[in-house]
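Given chain R, put chains P, D and H in place with the hints provided.
Residue numbers (the working numbering), protein chains in the order written: chain R, 1 to 350; chain P, 1 to 350; chain D, 1 to 350; chain H, 1 to 350.
Don't read these hints as lab results, they were simulated from the structure.
No experiment lies behind these values; they were computed from the predicted model shown.
It is possible that some hints are incorrect.
Because identical chains cannot be distinguished in the list, a pair is counted as satisfied if it fits within a single copy or across any two copies.
Here are the computed lysine to any residue pairs in the SDA-like style, where the Cα-Cα straight-line distance is at most 20 Å [unchecked claim]:
(1) K193 x R42
(2) K7 x E344
(3) K98 x R305
(4) K193 x V284
(5) K7 x A227
(6) K193 x Q43
4 protein chains.
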Amino acid sequence: MVNSTTKVRIGILGASGYTGAELLRLLARHPAAEIRTLTAERQAGRPMAEIFPHLRSLNLPTPIKIEDVHWDGLDFVFCALPHGTTQEVIASLPHGLKVVDLSADFRLADPAVYAEWYGHEHRAQALQHEAVYGLTELNRGGVRKARLVANPGCYPTAALLPLLPLLLDGLIEPGGIIIDALSGVSGAGRDAKQQNLFCEVGEGCSAYGVGRHRHMPELEQELRLAAGRPVVISFTPHLIPMSRGELVTTYVTLSDETTADDLRAALAQRYDAEPFVHVVPAGVAPATQHVRGSNSCMIGVFPDRRPRSAIVISSIDNLVKGASGQAIQNMNVMLGLIETLGLEQAPLFP
Amino acid sequence: MVNSTTKVRIGILGASGYTGAELLRLLARHPAAEIRTLTAERQAGRPMAEIFPHLRSLNLPTPIKIEDVHWDGLDFVFCALPHGTTQEVIASLPHGLKVVDLSADFRLADPAVYAEWYGHEHRAQALQHEAVYGLTELNRGGVRKARLVANPGCYPTAALLPLLPLLLDGLIEPGGIIIDALSGVSGAGRDAKQQNLFCEVGEGCSAYGVGRHRHMPELEQELRLAAGRPVVISFTPHLIPMSRGELVTTYVTLSDETTADDLRAALAQRYDAEPFVHVVPAGVAPATQHVRGSNSCMIGVFPDRRPRSAIVISSIDNLVKGASGQAIQNMNVMLGLIETLGLEQAPLFP
Amino acid sequence: MVNSTTKVRIGILGASGYTGAELLRLLARHPAAEIRTLTAERQAGRPMAEIFPHLRSLNLPTPIKIEDVHWDGLDFVFCALPHGTTQEVIASLPHGLKVVDLSADFRLADPAVYAEWYGHEHRAQALQHEAVYGLTELNRGGVRKARLVANPGCYPTAALLPLLPLLLDGLIEPGGIIIDALSGVSGAGRDAKQQNLFCEVGEGCSAYGVGRHRHMPELEQELRLAAGRPVVISFTPHLIPMSRGELVTTYVTLSDETTADDLRAALAQRYDAEPFVHVVPAGVAPATQHVRGSNSCMIGVFPDRRPRSAIVISSIDNLVKGASGQAIQNMNVMLGLIETLGLEQAPLFP
Amino acid sequence: MVNSTTKVRIGILGASGYTGAELLRLLARHPAAEIRTLTAERQAGRPMAEIFPHLRSLNLPTPIKIEDVHWDGLDFVFCALPHGTTQEVIASLPHGLKVVDLSADFRLADPAVYAEWYGHEHRAQALQHEAVYGLTELNRGGVRKARLVANPGCYPTAALLPLLPLLLDGLIEPGGIIIDALSGVSGAGRDAKQQNLFCEVGEGCSAYGVGRHRHMPELEQELRLAAGRPVVISFTPHLIPMSRGELVTTYVTLSDETTADDLRAALAQRYDAEPFVHVVPAGVAPATQHVRGSNSCMIGVFPDRRPRSAIVISSIDNLVKGASGQAIQNMNVMLGLIETLGLEQAPLFP
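Next up, chain R with everything else stripped away, as it sits in the complex (with noise of 0.2 Å):
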């Protein structure tokens, strides 16, 4: 579909949050791409270089609404709409396009979960059955055929990279998983909000969604899937003051006879080849300063005092590796392109 001459002209719906302006951030380096239209609902008309001044010299395209997009002249779709209104846009679509969503709208397979999650009747229920979910190292062939790929929940991402290959090799007991994850304040988005205010966040932290967050089913789902039964996890995220950033501590229990190194070990074999995922040596914890502004996730592996326990730390940018790098690593995946294009910097540190 992508020969050597055109560039994949692609759009952006929903481009004035802050995974949009990710996006924009490093499709504008990817050697393939080309951004053709952009959406804002409440900011249609204003020029990109007061929505993000950081991008001011990209000379991006003013955005438009939805309804006002002429779908002939693009290729590729980013959906980075809020959850909820996303499915009935992504439903009109035509039907030839290719689509990343990065909202949480295709992310659970079973219409009954995510009624119940989400307190209404899914509004595209065929294309849910149709979605991929795009944890690319680990679906790359899903991904491959896709045409809609519903991209993972940030703290999906950093937790399932080393839970799913653990528990596909019976490493790991599927029950008694504990997740606790750090994330930096991106992850609420950049509507105006009391509770992300500066003042409000900086110097502290607390847990939050105790028990209730969403990213909690498609866990689940993710996790049942590879131990060939249900799941059932503790999940509890905590907002520290950084912007980006999400660090998630695992704590497993070990099949008989495991060990942490062995975990370590198979990990380290499984990614091996995988240019975005990196599995440290013994005693090192990754950290998310080692990772921002680029699409890795750092996994380390730890014993722990506990018998038949281990603590398993895996670090991601949430925007990138959370958010939209893997959305474009998704693209690449989906449109037979090298999978990391747009997607080598380093990471920015300090």
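For chains P, D and H alone, kept in the frame of chain R given last:
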């Protein structure tokens, strides 16, 4: 010993670190305290207005070396020296002098456990037996009669305030306790270390001391006393970009027929009359922002989706309830003063 | 009016913002104050423990609407309402009630200047004439006799404390004053605005209101009074990633034969007996860290390499000396109380 | 010298500091660069994945000591050594080797000025004469022919990009220039110093080096060249709690009949074709958030209320355009490469 007209003459050993500064801040407003003597090894002779410019207006005594202290002029000593050097200093003090030690040196009662975790024999084992563990709310009787109080570590303070009553009441199981903690950088002290530079810590987070943090044997010692049998825990601290504050998220296994609501109710009743420990209503998540600069601990309890499990979250200011504030609270108890003296200030937010 | 046995019954209008929270924090420890009535428009009826969880243990009254206040039960009112709405509220208060207004509404004495900068006629011009400008250290006599005190803006407080005495003493020229200021984000208030989100403000800085900030006419009004002739200044505030604190760097032209040392000596003498204003020695740079949470102002003076020039640097906590602390200081003066009551706490560092 | 098939073989002397890390981050994506040799004195022999975990996936060479470098294998050297030690190292390099020096050692052309500000005679005065000041946009011709380029300081870069053209065009007066600057902490380097700890710098700000910062003679040297006569400036840098970024607010005196709009128009025209310098429209304030991680400089001009005055604000990332990015830009020019190679990435926001 202390009547209404005389003030307690206080010495602070190791006054140039962050816990020293915090003792000074709080004692400066303590109506029964008189700061008589400060020591600092490398900075002896340097005016406190240079060491801590924020305390300039207090006109504090210039720090001297420990060997130059006139112990006769002191009624009470806070020892905020580094771990390891403390034990010999305290062993050499006049026997009548009451002491709160903020280091880890006297927290572990068992010489064998001390030697295992610190790599050398304890050098004041007699005092190790005499020292009283100063988690004030849960050991007031012991503290009242003590000459030497071992002030608890910051993580143990935040974790044990909820856990010990729950274990004593048999509401949770001693097995399977997982303590996941977040701390501000001040817990690492004021020494110049690359890993604590603003640029290394800012805009990022990571775990540290995974599986080998020295607060672990302290936690297990106290949990064992409450449970009546050995307890092995998992404990993982994380460093996050803030100066003060500590949030501890603990995953516990409920006893038969017990619910998260039972835990909350039991803790609320246990701490109902306590001025510094506050159990928040169901659904409210404790935040470190809400205890900053105060001697408070906030505790919340949440149901977990896993069966027979609950999540307990507690927050403190690591430099106040987690160190200097609790040290003053202990002094008040040891001297028969009103326990809240010098500790009534409300938290600083934002 | 206030004797040793009765407490001042206080009302706070607009208690749900950051200056309201700070009034509550400080008044809660004021030995002569009793917080009787709180108002909040949109949040009337909501418990203060929800609006400000850090004040949970104070058991504060639930805020009501202004129209529901029983003024008879109050001796003193702090008005922390938004600019513009304040003037009509204060005009409608019982005439015997003493008031400190923290808004900008009564800071400008000249109705024409007010109209120029605020775009509408002042709606309480009689009170505008009656109001006394409450820069306490420099207008104690006026404040003592006032019924209505206009609490100074945060930038004017930090800038005028050094500038006014220097102008009055003829040590600096009224021309060529350049005020360059840095502020924490709390100065922008607690309203949910995108520009004050953690992610917008974090890890960055920028100037704002360049050439048109409303503290400019307030600064010029007071400088003119001290200089005895009109003064036109340059004033540029910057927003930096911290919650509290304000640092003002002022570039001044020295009078003939005057040196930076002369300025420092004059200020040191002027403020020698003041409990809240501290002139630091030559070579020491004031920092906001060193006044955080306190009612202090630190002032330093430096020689400039340009001839006949000096640099004056002053730091305050914008929410304390720059707002609520100075408001309480003014109340103390207005009521004949000891001026430092409720304001003695040392700064919080780190 | 460099054709399309061979890469420039690059050595970085002093690769373990923040400017070293930034050179590595940027050069790793430079299509014509090959990182051959790294040096680090104290950390020689330690893997770069330990020194900079964020660069783990780049598989960088392990740093060696300078005396062990094989200069024959290198085409180009970046010198990121501490000030003072640099001059002797560069004097000892093979004469054919092209060098960009990021230290201050070769920025001052006048040996007397150097001796005055650094307290000792320059130890490579011949090279001091040969070195070309590398403010790329304004000295491209000189840089193109240079063998040794002195990379400008971060503050001079941000301040001179607007000031030099304005002086050269006679739009502003050489007298009365006041430069007030804000910097992130990375400018202070990676050495373990107490004053740069997170807890010392966080949630606060202060001025430093008031009246005696070593960027002052560098600024005055270049301003003098543009003005054609000696220039004495005021320069006050401030440290604020962020890792990267620099904002410079400059107060200038306008020439007769000139307005702020004239200044903006002149700068917009001057930099119209420049890829890295952006003059923003009237009313827009440059922010460091909007250049983070990029080689951009943003410039805004504002009218001042004082007659014949204007305010010029410029922002850069101190580690990119203020150090390593501009160093690579200079290398590109020196080697006849496309000037933007390796420097095209968009800023990282949030």
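Quiz item: Hint by hint, which ones does the structure fall short of?
Solution: Those not satisfied are hints 3, 5.
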